[in-house]
Amino acid sequence: MKIWVIAEKKDGALRRVTKELAAKAASLGEVTVIEVTGERVSGAAAAAALAERAKADAPDLILAGATPSGRDVAARLAAKLSRAYLSECTDLAIEGGAIEATRGMYAGKVRARVRAQLPAVASVRPNAFPLAEGGAEPQVTSIPAGDSPGLAFVRFEPTGSGGGRISLSEARVIVSGGRGLKGPEAWTQVEALADVLGAALGASRAVTDAGWRPNEEQVGQTGKTVTPDLYIALGISGAIQHLAGMTSSKVIVAVNKDPDADIFKVADYGIVGDVFEFLPAFTDAVKQAKAGA
Amino acid sequence: MRFLICIKQVPDSTTRVKVAADGTSVVTDGVTWSISPYDEYAIELALEHKDTAADTVVSVISVGGPRTKDALRQALAMGCDDATLVTGEGADALGPLGIANALKSAIDDLGPDLVLCGKQASDDDQGFVGPALAEALGWPHVAVVTKFAPSAEGTEIFKEVEGGHEVWKASGPAVLTVQKSAKEPRYPSLPGIMKAKKKEIPERPVTGIADPVKLEIVKLEPPPARGGGKIFKDGDTKAYAAELAKLLRDEAKVL
Ligand SMILES: Cc1cc2nc3c(=O)[nH]c(=O)nc-3n(C[C@H](O)[C@H](O)[C@H](O)COP(=O)(O)OP(=O)(O)OC[C@H]3O[C@@H](n4cnc5c(N)ncnc54)[C@H](O)[C@@H]3O)c2cc1C
Ligand SMILES: Nc1ncnc2c1ncn2[C@@H]1O[C@H](COP(=O)(O)O)[C@@H](O)[C@H]1O
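Quick mapping for you: the protein sequence lines, in order, are chains A and B.
As numbered in my numbering, residues 1 to 293 make up the first sequence, in order.
As numbered in my numbering, residues 1 to 255 make up the second sequence, in order.
Calculated from the structure, these hints are not laboratory results.
Mixed in with the good hints, there may be bad ones.
Said to hold, decoys possible - Distance ranges between label pairs, derived from CB positions:
#, chain 1, residue 1, chain 2, residue 2, range
1, A, G211, B, G30, 45 to 53 Å
2, A, D258, B, T14, 13 to 21 Å
3, A, E30, B, P224, 55 to 63 Å
4, B, G229, A, K55, 49 to 57 Å
5, A, V154, B, A242, 36 to 44 Å
6, A, P149, B, E203, 27 to 35 Å
7, A, P149, B, G229, 52 to 60 Å
8, B, K198, A, D57, 52 to 60 Å
9, A, D57, B, G138, 18 to 26 Å
10, B, R16, A, F156, 39 to 47 Å
Treat the numbers as computed from the prediction; the structure is a model and nothing was measured.
Ideal placement from N, C-alpha and C gives every residue a C-beta, glycine not left out.
Sequences are here, hints too, so could you generate the full structure?
Written out as structure tokens, the structure is:
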């Protein structure tokens, strides 16, 4: 079994999801972690380079992190190679020349076990597999990006918020706010909590639609699907479209003043109360708990 | 400028999806069908362009069975100019590359300047057809697009990435896979609905389309049941907050 892991880097270092996949792949066969180098490489240009190499190398399975760019490259590459593509897998196994994977369908409302003959391409959610014991850095093979005729990078426009924070899809802790927070000002307190937790920020659609927070923070059916260890929902009612994006989190905490809010139906811990009383008290309590008090 | 939007008909987002007795499909009885949400955002982006540039033509296309016509009519009622249905025996069972190939063959005839797809369809959640269609056409694609601006020298395309947007320029035709954008998709107007009813929806056959890969569904299940959590109520929120921090550290072990 030859397995490729398509490497993704952030600020020069391998992303955690790449290392998770390298560790998983090592348990299945012979691994090559492969990076496409270049500035602002388009999905098509990365796929072109990888496809060229795959012709010679013939990997049985190609894995990428299910990040926006990982999914972009993996899908185009699978099409180029005319292979099956399994996206956003949360578990996978190889059995009798086929890959069998677990993935969400219907915006996360159904869990599917799917199967495809090898060779195949799959993108895998961050946080699906543990890092290698000892944490040795995998070796990385670099190849230059190919061409994507007809498409050129022009510029980058920063959003201005959330800079320096961990990305939603990779975060192990997420603090997410809803309309119950009343307005954008409340995020000073939400961010204070997120800082103490080392968390990413999420939001309901009511919040992104109102422009209190950028779209990229939206969790749910038309936002991100997330699977952190801890998801804290503040002033979020728990509409089915929101739940679709976060019910696979390991531990869910909900704070809402309405005891009948649907969010409590999926919560492991819930507090019926005022989020503005909760926030400063909880932020302090987390600080103390982390300090061992 | 001619836009073509590829739309898929899926269960409406409020549907409580249930697994059927066979364990490999979902119950479709009583389901309300709708255009996949990201495809609606794609339609809205194109119609916004049409609102400002009158010579714009916005077309929609879908691959599927007879029921798919309803989705196309819904798009016409929103203000799209024309619709094409790719259908026939097996249209519902095509795999992602088969759908991409069927769309490509229609696009070769329709000749749009820009093709828009959803970032992913809300039934299979794959995000495969858009890039696969670009590959079949030999066009570039840009994923997770939230807006675009066509001009004489090409189209500026805004791609959502961590911390902001990358702006790309396509000098010729391209496939964009659309993310939720700033404006909510418009509702069909009453005159729009009346007009849509009268429009002919031409059909193209799916026969002879190559469909090289299949994804077999082994089993569908509802996500693991949740609930039965510890809910604190009728007490001092601040005291609960302190207790919660300890529980998260010592019991759930997530701090
Ligand atoms: C096609 C489609 C796609 C959608 N996609 C998404 C999606 O991706 N993500 C998403 O989130 N939604 C999505 N929605 C919208 C969804 O249906 C809900 O409208 C939305 O999730 C509601 O957001 P909310 O919970 O913040 O607001 P609300 O439903 O208004 O809830 C606010 C909550 O705050 C509580 N509250 C108020 N004040 C306080 C206080 N002081 N202390 C504590 N609690 C308080 C209230 O009790 C209430 O439960 C989608 C809808 C459609 C139709
Ligand atoms: N049967 C179809 N007919 C037309 N367009 C489709 C079809 N299936 C998928 N698409 C397009 O491809 C996008 C991604 O779909 P998917 O790869 O299935 O997640 C959708 O949002 C649509 O724009």
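Do the hints match the structure? See the list:
For the pair G211(A) and G30(B), the beta carbons lie near 36 Å from each other, so the given range of 45 to 53 Å is not met. At roughly 20 Å, the beta-carbon separation of D258(A) and T14(B) lies within the given 13 to 21 Å, and the hint holds. Distance hint check for E30(A) and P224(B): the Cβ-Cβ separation is about 34 Å, which falls outside the suggested range of 55 to 63 Å. Separation of G229(B) from K55(A) is about 51 Å and conforms to the stated range, judged on CB atoms against 49 to 57 Å.
The given range of 36 to 44 Å is broken by V154(A) and A242(B), whose C-beta atoms sit roughly 51 Å from each other. A hinted range of 27 to 35 Å holds for the C-beta pair P149(A) and E203(B), which are about 34 Å apart. Against the hinted window of 52 to 60 Å, the Cβ-Cβ separation of P149(A) and G229(B) comes to about 54 Å, which satisfies the hint. Range check, K198(B) to D57(A): about 56 Å between beta-carbon atoms, so the 52 to 60 Å window is met.
At about 24 Å, the beta-carbon gap between D57(A) and G138(B) stays in the expected band of 18 to 26 Å. The hinted range of 39 to 47 Å is satisfied by R16(B) and F156(A), whose Cβ atoms lie roughly 41 Å apart.
In this structure, the hints that do not hold are numbers 1, 3 and 5, in rising order.
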